[in-house]
Amino acid sequence: MKMMNTRRLRILCAEDDPADQYLLRRAAEKAEINGDLQLVSNGEALLRFLREGKSINDDHDADGAADLILLDLNMPVMDGRETMNNLRHDDALKHIPIIVLSTSDGQDDVRESYQLGASSYIVKPRSFDKLVDAMVRIENYWGELCELTDRNLI
Amino acid sequence: MDAEQRVWLAGAAQERPIRWRVSSRMDLVLLYLIVFLVASVLSAAGAGTTEHASASPLVWLPLAWTIGVCYISPRKLAWSIVAASTGGIFLGYYIIYGLGAASAATFGYALELVPAVLVMRLYFDSKQTSALVQFGIFMLVLVVLAPFTGGLICSAVYGIAMGSPMEAVLSSVLNQGVASSVGVIAMMPVFISRAAWNVLMERRIEAAAIVAVTVAATYFVFVSDSVWLMVVPAMLATLASLRFGLVGTGATCTILVLISTWQTANGQGPLAVLADGPLEGLEFVIVQFLNFVLCFLAGLIGAQVEDAERRGMGLQAYGDAVMGTTEGIVVLDTTGKIILANPAVSKITGNSADELIGRRVSEFGDGVDEIALHTRDQMLQGEEVYQVPVNIRRKDGSDIDIVFNATPLVNGDQLVGAVMVLRDTTEREQLQREIVKTAAMTRTLVQSVDDSVIGVNRDGFINHWNNAAREQFGLEADEALGMHFTKLPGPPAEERMERFRHVINGGRIKGQTIYVPDRKGSTRELEVTINPVVDDNGEVIGTASVSRDVTEIRDARKSAEENRDALYDAMGSIEDGIAFFDAEDRLVVCNDAFTRKFAPYFDTATEGLTHRDMLDQMVRADAFDLGEQTPQSWTSIHLAEREQERKNPSGGVTSEARLKDGSWYLATNYGRRDHGSILIVRDITSLKRRELELRESNRDLEQFAHVASHDLKEPLRKIQTFGSILRTDYAGDLETDAKQIVDFMVDGADRLERLIDDLLEFSSVSRQDTPLETVDLRESLDAVCASLSEGIAEVGADVTYDVLPSVMGWNSAIDRVFGNLIANSLKYRHKQRPLKIEIREVAAPAGWATIRFSDNGVGFDPANAENIFAPFVRVNSDPEISGTGMGLAIIRKIVHGFGGRIEARGHPGEGASFLVTLRRPSAKFEEANENDEYSAAEDSLRRG
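Keeping their order, the protein sequence lines are chains A and B. Per the working numbering, the very first residue in the first sequence carries number 1; after that it's consecutive. Per the working numbering, the very first residue in the second sequence carries number 1; after that it's consecutive.
Treat the hints loosely; a few may be bogus.
As the list claims (entries may be wrong) - DSS-like, lysine-lysine: derived pairs with alpha carbons at most 25 Å apart:
#, chain 1, residue 1, chain 2, residue 2
1, B, LYS558, B, LYS520
2, A, LYS30, B, LYS739
3, B, LYS437, B, LYS510
4, B, LYS688, B, LYS660
5, B, LYS437, B, LYS395
6, B, LYS688, B, LYS718
7, A, LYS130, B, LYS739
8, B, LYS558, A, LYS30
9, B, LYS520, B, LYS597
10, A, LYS130, B, LYS718
11, A, LYS130, B, LYS713
12, B, LYS688, B, LYS713
13, B, LYS713, B, LYS597
To be verified - Part of the chain A face toward chain B, derived, beta carbon under 7 Å:
#, residue
14, LEU23
15, ARG25
16, PRO97
17, THR103
18, SER127
19, CYS146
Claimed, not checked - Computed far set for chain B versus chain A, every beta-carbon distance over 12 Å:
#, residue
20, TYR318
21, LYS347
22, ASP450
23, SER559
24, VAL681
25, HIS710
26, PRO715
27, ILE719
28, GLN720
29, THR721
Since the hints were derived computationally from the structure, they do not count as laboratory data. Glycine residues also receive a C-beta, built at the ideal position from the N, C-alpha and C atoms.
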């Protein structure tokens, strides 16, 4: 069930695979997310986006902010782990919740991710529909959380 | 012993029996009476007047008798008084009937002498007083005291009895007194002679004096007619009897009578007075004869007494001996009554003398009576009774064994008793029994010994042959005894004789080896020791040979040597290094291979080195290359394990070590409890290298597989995801054909994914660095069934299992095994019937557990029992059933990884069953897991 949010969710997603990028975009559309999905190809780009507000795609006006980060683990240049490490050592950025989205279901990867500050870990589903469901859930949960944060109720 | 017994014994002790003797007081008294009677009759017959009766020797001599009686035994005073009184009575009779006052006086003599004798006796008995003193006292009493007393009393009595006036009595008394003294003097001879005899025996000087007096007196006899001198003849007669016995007495008396007769005939001598008076001719002669006889008798009595005394003294000595000896002496009469028993008998029997004397011997034990009677019979037959054993009962009830000798006591031809000498033989009997027992034991010992004992006498003839000799030489005792020893089978005679002579001369042969043919024809080797046999005096009386059969020992020794040589040869040819260590862990022997491998590291010679030394030297030589582990720590672990193995051999303990030169060695130690240990060292360098290579390549493979599958799965996912988008979102836009194409595409991708998963699983089923654990199969099945419950329920399958054992493995892997098996069964179930799965334990070798997993599915062709486990092989080609062919391959890999086995059995259309054998948990395995550096699975593989 989709909840009504007053404001749009800004989701920042780091994913290097174009196919996966396509899938994410499509899933977000199907899930009718009330938000903007900003895609970057690797960790470095993500950081740059957050810090400098530059994006590689000119989808929207990049204001360098994000309510939620979806992070792939295996990326070139800077992978998910390194990215998380950078984020949590950055006082300005460490508050942003991170959801790791990865093909790997290895226990080590999961543990490591949590240790590095991930708030959640989702294994990329094989079927598209499940991906859509995951998106809905993300929006519901994290969206509300952001709402509450905005209202300074948390 | 009283006097009676003494006399009796005296008689018994003599060789010749006494023909006639004065044996009792009664005899004396009788004799005295008879004589007195005769004398009185004669006196009365020849009497006309009695005035001179006082001078008549007929009257005096009976008095001498009385004295004699008193003298012999003053203790029997009563008898003496009776004798004297009888005489007195007769005298009294004659007094009354007219013998006159003189007779009364004579009666007085008897009385007065009694006290005199008593006094005398006292002095005679006292040994301290000298004989001379005794003599003097005697004279005094006799001459002075006695007469007056006796005479006075009698005269007084007579006078008063006769009614004479007092003056007459008094004068008569006085007269009598004087006359008495004379009469007394006549009694002197006996006493004097006695005293004189004693003096003669003891003191020569006094004796000489007495003899002088006597001689002087005798002179007076011849030259004077004093009546005093009547004394002398009597004295002489007594002396003579003492000294010369009967013959002497008789001779002396005869001479005296003749002299006196001659005197009287010549009107001289004391009797001349009498001759003129009442006595004449024949009467006188008769009187003289009687005089002679009575003197003689007095002498005789004296002699008898003397004899008796002497014998008494002798007997005293006898008596002391009998009393003092330690051998028991018993005198019995013919009825078996004990008359005499010495103190030794009291000691033997525990009874005091009073408790013995008077009792019969039969009272002292059962069977004693019989023996006593038999003894008596023997003695009656004149047989010697010597060393007769008898058992007598002591006073305290215990019994004692004694032997006795018996000597008969005879009186003439009659047996009157027996003297028995007893000896306690209990101790002797015991000793005897001990000796016999010891001898018997020695005999048995010699017979039972395994070595042969052959005794040979000085001449070389066999006199002793025990059982073992019979075995060794094949000769029975009765054949061998008496045979010359050189005739025994074995070495030649000369050789044997030489040895024999050596031993007879006091030498000894020890450890001599001889060869003897045995009954079966083979030769036996004996080890012989020969010793001389000596008697109590130290003389060599023969030899004793002890021979031991050492054939078996020799054979055993030889065979042991052969075995040892064979072992050494084997050791020499083996590639592995073998070293034997003794109980102190010192090197005893090692083969060339060992020396070649390790001697270069030792800086001292290998012989006698302990294992620890060797390792230390190798460490010092920096021989080891153990990576992170220090050689010291490796060495101490190795030594500790080895020590454990040495103490409690458990089939060997192994350890590996790498040396600096790159070689790997496997050392196995086998403990032999108290005999040390064996070390076998194998060069496993090539093996190790291969092993490491394998492991490395396996790891590479795993990693590759893992990464590969991931990378493979990525594009796959894409296909699947996009495929599903097409199917769902663009379903309407696609024609049926296109839809089908998409389906095929997506299915293909799914299948590929499953394949990749299985491949991944297959590759990951290998070494883990975790130790094996104990897996409860029942719990595992519970978990698996739970996780597959959906699938099971969907099919409606019935999975049954009961009690299942525990095995060594990993829980996850075992779960996978069951999971795959159940999944397979579900997949390959029979469509026409409900699926039944049964899992149970079946028989397995010790240490292993076998589980049978069986279903009633579609089964398979038994020809495929082997390759059903091959990866990617599907024996069931039913296209409806999807499968990758990896399921069983994975199971097999897991099971083999745990050192187990799996076997498949099936029949098409009936079902399939799988027998899985896995190791049971054991203590050893768990211990190994604790200490092991490398993984347990590796060990299990290596051990096979």
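Verification of the supplied hints:
no.	hint	in the structure
1	B/LYS558 - B/LYS520	21 Å, holds
2	A/LYS30 - B/LYS739	22 Å, holds
3	B/LYS437 - B/LYS510	31 Å, violated
4	B/LYS688 - B/LYS660	15 Å, holds
5	B/LYS437 - B/LYS395	31 Å, violated
6	B/LYS688 - B/LYS718	45 Å, violated
7	A/LYS130 - B/LYS739	21 Å, holds
8	B/LYS558 - A/LYS30	100 Å, violated
9	B/LYS520 - B/LYS597	53 Å, violated
10	A/LYS130 - B/LYS718	14 Å, holds
11	A/LYS130 - B/LYS713	18 Å, holds
12	B/LYS688 - B/LYS713	37 Å, violated
13	B/LYS713 - B/LYS597	54 Å, violated
14	LEU23	6 Å, holds
15	ARG25	12 Å, violated
16	PRO97	25 Å, violated
17	THR103	6 Å, holds
18	SER127	5 Å, holds
19	CYS146	28 Å, violated
20	TYR318	132 Å, holds
21	LYS347	113 Å, holds
22	ASP450	81 Å, holds
23	SER559	69 Å, holds
24	VAL681	43 Å, holds
25	HIS710	7 Å, violated
26	PRO715	9 Å, violated
27	ILE719	10 Å, violated
28	GLN720	5 Å, violated
29	THR721	5 Å, violated
Of the hints listed earlier, those the structure fails to meet are numbers 3, 5, 6, 8, 9, 12, 13, 15, 16, 19, 25, 26, 27, 28 and 29, in rising order.
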